[in-house]
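Visitor: What follows is each chain in one-letter form.
Protein chains: 2
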Amino acid sequence: MKKGVVLLSGGLDSATVVAMAKDQGYEIHALTVIYGQRHDVEIEASRRVAAQLGVASHRFVSVDLGQIGGSALTAEIDVPKGRDESTMESEIPVTYVPARNTIMLSIALGLAEVLEAEAIFAGMNAVDYSGYPDCRPEYVDAFARMAALATKAGVEGNPVTIITPLMNLRKADIIREGIRLGVDYSLTHSCYDPVEGRACGECDACLIRIRAFSELGMTDPALA
Amino acid sequence: MKKGVVLLSGGLDSATVVAMAKDQGYEIHALTVIYGQRHDVEIEASRRVAAQLGVASHRFVSVDLGQIGGSALTAEIDVPKGRDESTMESEIPVTYVPARNTIMLSIALGLAEVLEAEAIFAGMNAVDYSGYPDCRPEYVDAFARMAALATKAGVEGNPVTIITPLMNLRKADIIREGIRLGVDYSLTHSCYDPVEGRACGECDACLIRIRAFSELGMTDPALA
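Chains as they are written, first to last, in this note's numbering: chain L, 1030 to 1253; chain W, 1030 to 1253.
The set of hints was computed from the structure by calculation and includes no laboratory data.
Relax, there's no trap hidden among the hints.
With a straight-line Cα cutoff of 30 Å, these simulated DSSO-like cross-link-like pairs (lysine-lysine) come out:
{"#": "1", "chain 1": "W", "residue 1": "K1200", "chain 2": "L", "residue 2": "K1181"}
{"#": "2", "chain 1": "W", "residue 1": "K1181", "chain 2": "W", "residue 2": "K1031"}
{"#": "3", "chain 1": "W", "residue 1": "K1051", "chain 2": "W", "residue 2": "K1181"}
{"#": "4", "chain 1": "L", "residue 1": "K1110", "chain 2": "W", "residue 2": "K1181"}
{"#": "5", "chain 1": "L", "residue 1": "K1200", "chain 2": "L", "residue 2": "K1051"}
{"#": "6", "chain 1": "W", "residue 1": "K1181", "chain 2": "L", "residue 2": "K1200"}
{"#": "7", "chain 1": "W", "residue 1": "K1200", "chain 2": "W", "residue 2": "K1032"}
{"#": "8", "chain 1": "W", "residue 1": "K1031", "chain 2": "W", "residue 2": "K1051"}
{"#": "9", "chain 1": "W", "residue 1": "K1110", "chain 2": "L", "residue 2": "K1181"}
Model the full assembly from the supplied sequences, consistent with the hints where possible.
Guide: Next up, the structure:
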């Protein structure tokens, strides 16, 4: 069975990616990269999602990015609340973690090398967060070219493939596909600023989810 | 003053890189990435080197790669001792940490983004460790192209430069240049398997150093 390493944060997007990778016939090796402050809630959500969807293995790697700073997710900066969509789209938010996708994909590359996995799956999306340079297809392609040169497998002619199945999907379309594949979104966690382990309903991540579920005539089950 | 992020392990190579980057007129922001088991000795050596050479800042980022495994440096595998040079060169050693350079450069990229640094310096060397795919110039070039697409600075036309000044130098030439620039190699630490904080003198890293100092008619001051 072909192996796929899936970056699993426990959020809506990455849960959907696990389901899509399984649907493509991969044996799933989930990797949760933990950085900054959001430890407990994320670990719990990623465990629930992995258990619900069924994975061959699930690993946790901590990276202490607090020393690097520059983000509301790793430093002491307030997470913005109640922003409208045009503000979200026009600026790189303070919740942006510098080089986050590159760091997470790099750790996934290490795991893929050890497991001799054929693919790395990640939930980058160019639609909802157009402000992030490291969410674009040209970035992902450049990472794949670098990875092919970085590893023994690549040098031997079997480079790992980087698959980003959500890249061009709108959030509502991601949810529709996930529901079709049996994802239980009540188990997922996307909030940037949870209060006692529950989603705040007001940060960018919560608002994007709420709107997408509402577009489908549903209530976000993580907020129910 | 132009800023440079320097990956500093506390070993011979990275200490030399700090001195070379300073010599090129950069303000040095040292970054020590800590993975696997070698915590204390490495932290101590990198602190000593940073203090001796003078840096503007020094940060430590821990990455818990133990869950990924696949290396004598992060898992419970014996470090080989007393190997001859042809064996070292012909195989990827068990001390190889999967995707290590990619992970370290990615974290450096995050720091460079926050500091708005112009360059990242790293001690990759294609001569002594020809078995590592991620020590070749074509790998470093591919990383730089990826980094240019990953970051705001890159998108705005000011991509960070990745400088690997040791790439084509033999170990003895690295040491000669370091001595010229005032590096105190007694402070550095390269050993894969230190005993009570001291270099073992028998692992690949120790043997390569010993031979290079001997070629210059010197004794490795870290073993003195």
